Amino acid sequence: MSIFHNRREFLALTGAAAGALALTGCGAGSSSGAPVADGRGKPRRGGQFRALFTGGGEQETIDPHAEALAIDMARTKALFDRLVDLDATMAPVPRLARKWESNADATVWRFTLRDALFHDGKPLTPEDVLFTFGRILDPKATTHFAQSLLSVIDLKRSRSAGKNVVEVALKRPGAEFPALLGTLGTAVVSSRYTDPAKPVGTGAFTLKSFRAGRAFVAERFDDHWDGGAYVDELRILSADADARGNALRAGEAEFGYEMTPTFARTVQADKSVRILAAKGSTAHAIVMKCDQEPFDNPDVTRAFKLLADREKLVQVGLAGQGVVGNDMFGKGYQYYPEDVPQRTRDVAEARSLLKKAGALNKTLSIYTSAVATGFVEAATLFAEQAADAGLRVKVTTGASETYFKDQLAKGVMGSHRSGAMTIPNYINDRLLTKSAFNASGWRREDFDATFAKAQSTTDAGERGKLYGRLQRTVHDEGGLLIWGHPDWLNGVSSRVRGMEAAPPNTLDSGRFDKVWLV
Amino acid sequence: MRRYACQRLALGVVQLALLAVLVFLLTSLLPGDAADVRNNEDAGAEQVAALREQLRLDRPPLERFTDWASGIVTGDLGTSLVSGGPVLDILTETVGTTLVLAAVTLAVVVPLAVTLGIACGLREGGLLDRSVTSVTLALNAVPDFVLALLLVTGLSLRLGWLPATWVGVGAADLLVRPGLLVLPVTVVAARMVCLLSRQVRAGMVTVLQAGYVAQARRLGVPRRTLLLRHVLPNAAVPGIQELARVGDNLVGGVLIVEAVFAIPGVATALVRAVEARDVPTVQGLALVVAAAALLFSLAADLFSHRLVPRTEVLR
Chain A
1 MSIFHNRREF LALTGAAAGA LALTGCGAGS SSGAPVADGR GKPRRGGQFR ALFTGGGEQE
61 TIDPHAEALA IDMARTKALF DRLVDLDATM APVPRLARKW ESNADATVWR FTLRDALFHD
121 GKPLTPEDVL FTFGRILDPK ATTHFAQSLL SVIDLKRSRS AGKNVVEVAL KRPGAEFPAL
181 LGTLGTAVVS SRYTDPAKPV GTGAFTLKSF RAGRAFVAER FDDHWDGGAY VDELRILSAD
241 ADARGNALRA GEAEFGYEMT PTFARTVQAD KSVRILAAKG STAHAIVMKC DQEPFDNPDV
301 TRAFKLLADR EKLVQVGLAG QGVVGNDMFG KGYQYYPEDV PQRTRDVAEA RSLLKKAGAL
361 NKTLSIYTSA VATGFVEAAT LFAEQAADAG LRVKVTTGAS ETYFKDQLAK GVMGSHRSGA
421 MTIPNYINDR LLTKSAFNAS GWRREDFDAT FAKAQSTTDA GERGKLYGRL QRTVHDEGGL
481 LIWGHPDWLN GVSSRVRGME AAPPNTLDSG RFDKVWLV
Chain B
1 MRRYACQRLA LGVVQLALLA VLVFLLTSLL PGDAADVRNN EDAGAEQVAA LREQLRLDRP
61 PLERFTDWAS GIVTGDLGTS LVSGGPVLDI LTETVGTTLV LAAVTLAVVV PLAVTLGIAC
121 GLREGGLLDR SVTSVTLALN AVPDFVLALL LVTGLSLRLG WLPATWVGVG AADLLVRPGL
181 LVLPVTVVAA RMVCLLSRQV RAGMVTVLQA GYVAQARRLG VPRRTLLLRH VLPNAAVPGI
241 QELARVGDNL VGGVLIVEAV FAIPGVATAL VRAVEARDVP TVQGLALVVA AAALLFSLAA
301 DLFSHRLVPR TEVLR
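Top to bottom, those sequences are chains A and B.
Position 277 of the first sequence, counting from 1, maps to 277 under this note's numbering, and the rest follow consecutively.
Position 196 of the second sequence, counting from 1, maps to 196 under this note's numbering, and the rest follow consecutively.
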């Protein structure tokens, strides 16, 4: 599972504004109130809002369980709601579930549902939630990406426990289960939902028309549980990066998702467009495979981490739009150990570590590709930085379309990125023995065991300590050289109010029910 | 002439068949298949395997190809691996936009290029010829995307005269808002006018210096008749061949222009299909575009033949 839901030319520029974000509507148990947003004026009803995303042609879908691209997520977010969603620190916040609690070992979760209406006028019931899980987990469906994460649900033992309570049984302890319900492909559909072309959701907008690769038009749903949208009509359209920028500046669109650093610089002087930058938090890295020579020696991986000049990598790889990384995923997110000192460049120390390990006179190769902006640039620059310690590093460029799978098999080093996801999800996805995308070949039994222990630890503080321990281990010995956290750049027209910078894959990213136009 | 046309059409069918095989082979050479590249970053090995089975990509290549080819024979372009719907739908959705753009561009390019070409050719080395030559050569050296961005910045963003993109535009809007066509057509036409007018000019210059023109002049053929009856038909031949090339470029879509102006045309669909390894769609679109190119080329040859019957001996 991942994060970046944009296959191509995806500037993996993601970010979270850590605590700096004025989060709206994520107070536990409260329904999202009016956004404080720009702090100017009262929300105004009416108007048409046009939002632009990178398109996916025929691949685009409004089936909330098959969503894969950023544009899909924005569309399904308009039509549907999740039980739980994630705030800017990737912590779960209530949506259709008003609150939740688990038993002592986190194997049974009870979610109390909100009074919400579907677009067909019928109320949300526990049966709809169970139907949703059943639909996501349908073994015949091959494009439901939440399947692997939600396979922990024991459907047979899950049941409705009253008019508005649903009891979900898990096959194994899952202390992070609520957060899983805030990830890709998990929106709640009505049990009357059969045809993806006729969505029955609870979202703030109802569908008017949709054609993959073209247009999506939705109208305000007056009975939305969260107060409903301010704009009357929402259009979510596809356009490439240049066209998004031009349309925004020409007043042909109100929102452009994922703008380039160049565009951000260009419009600094332009009063008609504002850039919303979610400060860096997701990750760009060079990975070293800990199951291969010479990186099976933690001294060598540490030496490489000491060789990186992170500021320069951010300047070159991210066009300066980001912050330096400290070899741990999830800066600014829940459970991130902020107290670990920042690693800085130390060529002499690196050299002595490499000498001790006898790793100085080898030629190593980094496998990279142009799949993400900055990958090749950063790999090339890092190869030069490594040369300062007398290392020879060769950069090999491969195909973009299959890069993330190829990288697992090719090269002892590689380019790696990860978008916005919870830290436990990242660990589950990349750092466990059985992880599908274990890019750094990190396989340790004790590490797996500690992670498993955290999953049955219901106390969030205790769990945080366990994750902190895991992160420190990765920081000290792992194969992740996380050198930078890119900013996530969106553009809005100056007519737009009520919108804040938000990292991708969070509640407020590509969310249009709280925006209004002046 | 009819016999010649039939021969050419038959040859065209063979060419298309070869092209289909070639496109299939080339797309098979690309790394990964439709199951691999769909959510390259998301799906685990099991999901990829399941998807591959569902898309029936686990069959041998020969079987997949013959399956698709037997469909073509009955007029079925196949099923997209991405949308699950017919390739014909993708074609009809994109081809309309592309045809409108192509038709308007040709309507601008042909008269303009022919007039410029003739005017320059008549007075080779004159002031007009030299200025037009300088402008067309310079314009031809400007990459399409640079020209597009310059025009958008100037005419749309600064002056606000014209729409900057086709964002949110439906097919019907094109008739109501012809302004939408101005910038894309200008960008595409700019290069084509350059290429075409150079050909017409070159044709004019060559023919004007030919012996038979000098002879006709000597025999006292009036200038008007000389130009219309003797010079133009001969001079037009290279231009018409160039026009056929221009035409099939347009039908294949103009990727850069489509990307800059967010125009949902054939080129974008084709590139997306290649990226997604949507082989049936790639094959279907490539086949239709190639068929159009063959027809253009045939039409150009027949028209040239009509203008200058003696070219037949060249065959």
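If you are wondering where the hints come from, they were derived from the structure by calculation, not from laboratory data.
Owing to the predicted nature of the structure, the values given are computational and were not obtained by experimental measurement.
Certain hints may be false.
[Said to hold, decoys possible] So the derived label-pair ranges between C-beta atoms look like this:
1. 140(A) - 6(B): 25 to 35 Å
2. 30(B) - 291(A): 49 to 59 Å
3. 346(A) - 54(B): 50 to 60 Å
4. 63(B) - 291(A): 31 to 41 Å
5. 196(A) - 182(B): 31 to 41 Å
Backbone N, C-alpha and C fix where the C-beta goes; we use that ideal spot for every residue, glycine too.
For each hint, the structure was consulted:
1. For the hinted restraint 25 to 35 Å between residue 140(A) and residue 6(B), the CB-CB distance of approximately 51 Å leaves it violated.
2. Between residue 30(B) and residue 291(A) the C-beta distance comes to about 29 Å, which lies outside the given range of 49 to 59 Å.
3. Between residue 346(A) and residue 54(B), the C-beta spacing of about 52 Å keeps the proposed range 50 to 60 Å intact.
4. Our hint of 31 to 41 Å for residue 63(B) and residue 291(A) holds, since their Cβ atoms are close to 38 Å apart.
5. Under the hint 31 to 41 Å, the C-beta atoms of residue 196(A) and residue 182(B), about 38 Å apart, fit the expected range.
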